[in-house]
Every structure is written in C-alpha cells, then in structure tokens.
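Going down the list, the sequences are from chains A and B. Using our numbering, read the first sequence as starting at 1 and increasing by one per residue. Using our numbering, read the second sequence as starting at 337 and increasing by one per residue.
Just so you know, these hints were derived from the structure itself, not from any lab. In this text, all values refer to a predicted model and were calculated from it rather than measured experimentally. Glycine is no exception: its CB is placed at the ideal position from the N, C-alpha and C atoms. Possibly wrong hints are sitting among the right ones.
Across the chosen pairs, the derived CB separations fall in these ranges [what the hints assert, rightly or not]:
hint	chain 1	residue 1	chain 2	residue 2	range
1	B	Q393	A	P117	26 to 36 Å
2	A	K319	B	D716	55 to 65 Å
3	B	S482	A	F274	26 to 36 Å
4	B	T820	A	V204	26 to 36 Å
5	B	R455	A	V204	22 to 32 Å
6	B	L702	A	G131	28 to 38 Å
7	A	F178	B	N473	40 to 50 Å
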Amino acid sequence: MKLKIRKGKEAGILAVFLAISLVIALSSPVFLRIDNLFDIIKSNIVLGIMAIAMLPIILTGGIDVSVASIIAAVTVIIGNFMIGVSSNIFAVFVVGCASGAVLGLINGLLVAKLKIPPIVATLGTMSIIIGVVLYVTNGTWITGIPQNFINFGRTDLFAVSVREGEPIGLPIQFVFLFGAAVLMWFVLRHTLVGRGVYAMGGSVVSAERIGYDLDKITIFIYTFEGFLIGLAGSVHTSIMRQVDPGAFSGFELHVIAAVVLGGASVLGGYGSVFGTLLGVALFAVLNNGLILMHIPVFWQKIVVGVVLIASISVDILQKRYSESRMTRVDIEPVEG
Amino acid sequence: MDSSEFLHIEKVSKTFPGVKALNDISLSVRKGEIHALIGENGAGKSTLIKILSGVYQPDEGAEIVIEGWRAHSLTPIESAKRGISVIYQDFSLFPNLTVGENIAVARDIEKGSTFVHWREMRRTAGKILERLGVDINIDASLGSLSIAKQQLVAIARSLTYNAKLIIMDEPTSALSKGEVDLLFRIMRSLRAEGISFLFVSHKLDELFAISDRFTVLRDGKHLGTFDEEGLDDDRLISLMVGRKIEYTIFPKRKRTEPVLEVRGISRTGCFQDVSFDLREGEILGLTGLVGAGRTEILQAIYGINPPDSGKILLRGEEVSVHSPIDAVRYEIAYIPENRLAEGLVLRKTMSDNIVVTVLDKISNRLGLIQRDKQNRLAQDWIQRLNIKPNIPEMQTSKLSGGNQQRIVIVKWLARDSKILLVDEPTNGIDVGAKMEIHRILRDLAESGMSILLVSSELPEILAIADRIIVMRRGRIAGQFDGDTATQEMIMEKAILGIKQQVG
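Given these sequences and hints, build the entire structure.
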C-alpha cells in the first residue's frame with residue numbers, strides 16, 4: 001500500500017506540474033512557444049544536475065547546504081584554469097569535476113568519520129568555501145573566457161527556426177543533464193552502494209547490522225555529489241560565458257526545494273531520479289510562469305518556501321501518526 | 337559434545353561494572369530442536385543471546401563449541417558464518433525496500449559485489465518463500481506488510497545466510513492467534529530440515545505447544561534444562577521466580593484517600609479497560625512482564641499518549657490531560673526509564689543541579705536567573721530530602737553517593753509535584769544505589785506524595801510498594817497488598833493472567 005502511495009506521489013507531482021503548465025499556458029500564450037520551452041530547459045539544466053547530485057544525500061536522511069558554495073568555487077577554479085592553463089574542453093570538465101569531487105570528499109569525511117551532523121558539517125564548509133572564493137576573487141567577475149569554450153557552449157543539438165531571429169535548438173548542455181540522470185539512476189538502482197543509500201534511509205541500525213559499510217557509502221555519496229556539482233559548474237560556465245563568484249548565493253535552497261518537490265522524503269528512504277526531474281520541472285515552470293504572468297519575483301521565493309514546508313510537513317506528520325498508532329502491546333482478547 | 341548437538345557452551349559468564357549478568361552458564365542446542373529460553377526480566381536472557389550473536393564478549397574462560405569448532409568468544413561475523421542468526425524484535429528490515437531485496441540483498445553484501453543482481457535476488461527470495469510455504473509478493477514494499485509477514489521475511493532472510501540456529505526474542509508478542517499458528521508450522525517444518533531454534537517467550541501455553549526443551553535462567557544462573565515431560569506451568573513459574581530479596585523491606589501503610597482515579601482507560605495497541613486508584617501517600621507498584629503495557633499507562637496519565645477512552649479523575653474531579661504541559665499543571669511528575677541512572681554535573685554546585693529542571697520558575701521576565709529564588713528553592717529541597725551537608729553552594733562531587741542520588745531525584749521533583757510517575761527507577765545501577773532510591777521513594781510517600789512505580793524487579797516491588805497491580809497483555813491481571821504478596825503470586829498473574837489458573 002505504501003508503495004502505491006509513493007508511486008501515487010510521483011503521479012501527483014506530474015498532475016500538479018501539468019495543471020500549473022495549463023494555467024500558465026492559458027494566461028500567457030508565450031509559454032508554450034518552442035523558444036520559451038528551450039529557454040526554460042537551458043536555464044534549469046544546472047539546477048537539474050545539482051538536484052540529482054543532492055538526491056542520494058537526502059535519501060540517506062542527510063542534507064548538504066554547501067552545494068552553492070561548491071559550485072561557486074568550481075566555476076572560479078575552471079575560469080582561472082581556462083585563462084591561465086588550457087581551454088581544452090575535456091580538460092576543463094575534468095578539472096571542474098575533480099575539484100568538485102575533492103570538496104565533496106571533505107564533506108563526506110566530516111560526516112562519516114567525525115560524525116558531524118550533515119547540516120552542521122556542510123554549514124561550516126559552506127561558509128569556509130565561499131569565504132575563500134571571495135578572498136581569492138575579491139568578488140570580481142572572471143571574463144575573457146576563451147572563444148573555443150564559448151563556441152562549445154553555444155552548440156545546439158537540433159536547431160529549429162522560429163519566425164524572427166536566429167534558429168534555436170536543444171542546448172548541448174542538456175546532454176549532461178541526461179547523462180547525470182541516467183548515471184545516477186544506474187548507481188541507485190543497480191549498484192550495492194546505491195541500494196545501501198536506500199537501506200540507510202530506511203533504517204541506519206538495520207543497514208549496519210546487515211553489513212553495509214555506512215562510512216564508505218556516506219563518503220561516496222558526498223564525493224559523487226561533488227563530482228556532479230563540478231559537472232554542473234562546468235556546464236554553467238559554458239552557458240554564461242563568464243564567472244560571477246556571487247551568482248549562486250542562496251541557490252542551495254532551490255536545489256533542496258527541487259529534490260523535495262520531487263517527492264523525496266527529508267526523513268530518508270524514499271525518492272527517485274524520475275521524481276527529482278519532475279521536481280526540477282515543476283520548479284522551473286513555476287518560475288517561468290510567474291515571470292510570464294508579470295508577478296513580482298519575491299512571490300517566487302514565498303511560493304517555494306510554502307510548498308517546501310508543506311511537502312515536508314506531510315512526510316513528518318505521516319510518520320509521526322503511524323508511529324504513534326503503532327501497536328506496542330498485544331492486548332489480551334476478552335473471554336472467548 | 338556429541339554430534340547431535342549444534343551448539344554447546346560452558347562456563348559462560350559476563351560481568352558488567354557492578355553487576356554479574358551471567359554466572360557460569362552452560363547450554364546445548366541440538367540439531368533440529370526448538371529450545372525455549374525462560375526467565376524473569378533481567379535473568380540474563382538478552383545478555384546470553386548477545387554473547388551467542390557476538391555482540392558481547394564473555395568473561396575469560398568461556399567455552400563455545402559450534403559443530404566441533406571451538407572458541408572462547410564470537411564476533412558478529414563469526415557467529416553469522418557459523419550459522420547463528422538472531423532475529424531482533426525490530427527485525428532489522430527495511431520498510432522502504434521490497435520483500436525480495438530485504439530477503440536476498442545480504443548475499444550480495446557478503447560477496448562484496450559492486451552491482452546488485454535483481455533477477456537472481458528475486459529468484460533467491462522466491463525460492464525461500466516457497467520453501468517456507470508462505471504467500472508473500474516479493475515485489476511488495478515491506479512496510480505494507482503486517483508484522484507477522486515481516487517476521488516471516490526476517491526468517492526467510494536468515495535462511496539465505498544458511499542459518500542453522502535461529503534465535504528469536506519474544507517472536508509471538510505482536511502476533512494474533514492465527515499468525516502464531518503459521519509461525520509454529522514454519523518453525524516445525526524447518527526443524528524437520530535440521531534447523532534449530534532458540535527462543536525467548538513468556539507465554540507458557542505457546543512454550544509448551546512448540547518447545548522440545550526448556551532452559552531456565554534466574555539471576556544470571558543456569559537453573560537447569562528440562563524436557564517437556566515432568567514440567568508444568570506451576571513448576572516452571574516456581575523455577576523462574578524466587579530471587580533472593582536482598583533489599584530492606586519497608587513497613588507498608590494502608591492508605592484510603594484516592595488522589596488519582598483511573599476509570600476504564602483504553603488506548604489502541606497499548607492497554608485495554610484499565611481501572612485503579614492511586615491513594616495519597618502510597619507507593620502503588622505496577623508490575624508485569626516487559627511489554628505488558630505498563631510504561632504506556634504512565635505515558636497516558638502524563639499526557640504523552642492520552643487514552644482513547646475512559647476517564648481520569650484527580651481528587652474526584654475529571655481532568656483531561658492531553659499533553660505533559662497539562663500534567664505539570666496538575667502537579668504530576670514523570671521520571672522516564674534510565675533517567676535516574678543519568679548523572680549530575682558533578683563540577684557544579686548542588687543548587688545548580690537541583691534547579692536545572694525549573695529554570696523557568698526561578699527566572700524573571702527577561703529569562704535571567706534570580707539567585708535568591710534559586711537559593712530558596714535549593715535550600716527547601718535539601719531540607720525536605722534531608723541531604724547532608726546542608727550547603728547548597730557545595731560542589732556536587734564532594735557529596736556521598738547516597739546524597740548524590742537524592743539530588744538526582746530532587747532534580748525531577750523540584751517541579752513541586754503531588755503525584756510521581758516513575759518508570760524502572762533502579763534499572764542498571766548497583767545494589768547500594770538501588771536501596772538509596774528505595775529509601776528516598778519511601779520518604780517521599782511518607783511525606784504525602786503519591787507514587788506510581790513501574791518496576792520489573794519483583795523484590796523491589798515487594799520491598800517498597802504498599803499495593804501492587806499486575807498487568808498482562810494490556811490488561812490488569814491482579815492486585816495484591818504489598819505485605820502479603822509473594823513473587824510466585826505476582827509471576828503467576830503476570831504470566832497466566834486471570835482466567836487460565838492451571839491447578
């Protein structure tokens with residue numbers, strides 16, 4: 001029955017997504033135009049990769065609030081790398097992913113080895129990383145990204161001509177989102193570490209008893225998360241063609257919101273890659289719709305906060321209710 | 337050790353600081369045998385199970401033989417490798433995963449494989465469920481199954497490890513009659529395959545229905561292993577109880593004035609139709625086996641899990657206690673289990689330790705502590721509990737053990753309560769400290785406080801309770817006067833209940 005509820009949860013998110021899309025489409029004809037749709041995709045690819053990166057951590061019942069700092073650090077590192085060392089596209093992505101993975105590894109070690117609660121550990125690294133980034137860059141933008149990288153970032157997969165202006169197509173960066181999603185799905189579904197992530201979220205004590213190496217799993221998911229954030233940072237730079245060290249301030253909330261909107265339980269154990277992608281899509285459409293309907297931007301923040309608290313509350317209340325009604329005593333039946 | 341035995345242990349002892357939990361135990365389990373492990377709460381059953389599963393290491397000198405393989409102690413990995421599998425009461429399963437994965441994933445973990453093999457996993461799980469002859473969908477989410485089916489999944493999982501001895505702690509405590517029958521049928525068919533069971537239960541009718549042999553523990557000692565013949569309920573109960581009373585027996589009082597009247601309260605899955613009076617200045621002992629619903633009653637009265645139906649009257653007036661905040665307003669205090677074993681901040685003064693639970697009462701509107709109020713409160717309690725020396729500013733570490741124990745209690749009483757609910761106050765502390773707590777509780781009762789005391793330790797209940805209520809499976813099974821009750825009388829009610837008086 002619970003499984004049905006969970007499947008129902010994803011179907012529910014899909015329904016909400018379609019309903020909101022319909023409302024926006026009816027009130028703003030621009031919404032369904034192909035260039036607007038491609039635009040929505042392009043501006044949410046980074047969010048999508050980050051949300052997928054965060055998913056396993058939420059699945060274990062943890063959280064990472066340092067993701068925005070990590071991606072800021074990655075963009076600064078590859079920005080300097082491109083200008084100072086090499087703008088070979090492959091090399092840039094390798095450097096981006098590696099530096100993200102190292103920062104993730106630090107989080108993983110703090111949580112797994114020193115047993116610092118994830119919220120505290122990542123709050124600390126968030127502050128340290130962004131502090132170092134601002135110290136190094138002094139807050140100034142990095143411009144002058146080499147032309148070959150800019151050209152790479154402009155590539156469209158299959159271009160469509162719209163009435164005015166240049167042809168527009170599915171941005172090449174979409175490939176990375178797709179790849180990250182497939183990779184994460186495979187890891188979570190078909191590797192022992194991935195199953196361990198779900199097991200930990202279901203019951204830490206049981207996971208330990210059955211023989212999962214919890215430290216290894218924890219270190220892996222934070223490092224893998226860092227790796228994917230590195231990928232997201234590289235993708236982001238190829239889209240923006242410059243580096244703004246302050247661009248991601250507050251972005252961690254968007255990432256967490258997208259994962260939670262996608263049906264993952266903050267208490268751990270439940271959530272999927274498909275759900276997370278739906279969460280990102282919902283978040284993206286909500287955002288775009290508010291802009292198209294000329295609703296002031298602050299409403300977006302309010303809506304996100306409300307939806308976030310509402311969906312988390314449902315999880316927690318459900319759990320508390322089922323725990324409080326759990327049978328503890330086998331009551332003796334009356335005579336007979 | 338003869339070849340019909342799977343497990344043989346000898347000279348197994350386990351000492352914890354201040355307590356000898358097991359004393360020179362020997363035990364053997366034959367291949368294809370269902371062996372019951374019996375004893376009062378605290379007799380050492382759990383400790384023994386933990387030694388067999390490798391969680392605890394026994395004291396020096398123990399002998400453990402598993403199918404000819406000898407050792408002095410086990411690790412969890414060794415224990416599992418030799419075919420011992422423990423099914424804990426929480427089953428150690430994953431509610432969010434499928435039945436198939438719960439049963440079969442351990443194999444992949446054991447092999448240390450990188451990938452999980454879903455098809456093989458489903459096939460393994462399907463085969464084992466078929467072998468057990470139970471109809472459970474392997475693709476269902478475990479959390480959607482009944483407790484009984486989850487238990488069968490746990491048994492199925494231990495078979496994937498090639499378990500030869502399955503240890504179960506109170507396996508029938510959450511099952512209905514039909515579910516118990518199914519479990520027993522499966523246990524018998526596995527027994528026929530040569531698999532052994534060691535299980536703990538307090539339900540004598542079930543024990544007699546399924547067990548081949550019984551081992552009785554009392555006070556950490558092995559009283560004997562018996563065949564079913566020549567053993568009946570009475571004999572078994574008299575074997576289980578009869579611990580020496582090493583405590584001071586306090587004179588009991590007859591009180592008459594009811595302070596708290598509980599009238600027919602019920603809560604689904606916790607207790608059913610419970611009525612009793614708590615009288616002014618008495619200690620009312622609430623005993624029974626673990627899981628009989630005693631703690632749940634305290635929590636209901638304190639408003640943590642309020643009853644679904646029934647009434648609670650306070651000095652003749654009906655009250656509704658829906659939260660601990662209400663309870664505190666009605667001057668009810670609750671000391672949960674283990675709280676008295678938690679210590680004090682020894683480097684702080686007596687006064688500082690006393691007031692930690694009442695900081696709101698002694699602080700002003702800005703939340704700052706008012707020293708004069710603190711001193712008055714501390715002084716007052718030091719006098720009431722006769723703590724010596726009478727110096728609130730003295731560092732707590734300089735007090736004697738008994739006086740420190742008093743401070744611990746004061747910490748919980750400083751809220752100025754008239755009714756005290758206390759759950760297993762002496763669990764896990766040494767005899768001296770226990771007796772100190774007994775004296776304090778008696779003193780409090782003499783000074784007019786009404787105390788509802790939950791305790792599993794019969795000698796303790798008999799030493800200090802004026803009246804005794806025995807619970808069994810969520811209901812009241814019997815009531816006794818503290819000065820005439822015996823351990824046998826209480827245990828008989830706790831195990832057999834009201835109706836099945838076997839003569």
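To see whether the hints hold, each was checked on the structure:
Roughly 31 Å separates the CB atoms of Q393(B) and P117(A), a value that falls within the hinted 26 to 36 Å. About 43 Å separates the C-beta atoms of K319(A) and D716(B), a value inconsistent with the hinted range of 55 to 65 Å. The hinted window of 26 to 36 Å between S482(B) and F274(A) holds, with their beta carbons roughly 30 Å apart. Range check, T820(B) to V204(A): about 49 Å between beta-carbon atoms, so the 26 to 36 Å window is missed.
For the hinted restraint 22 to 32 Å between R455(B) and V204(A), the CB-CB distance of approximately 28 Å keeps it satisfied. At about 35 Å, the beta-carbon gap between L702(B) and G131(A) stays in the expected band of 28 to 38 Å. Evaluation of the 40 to 50 Å hint for F178(A) and N473(B) yields a failure: the beta carbon distance comes to about 33 Å.
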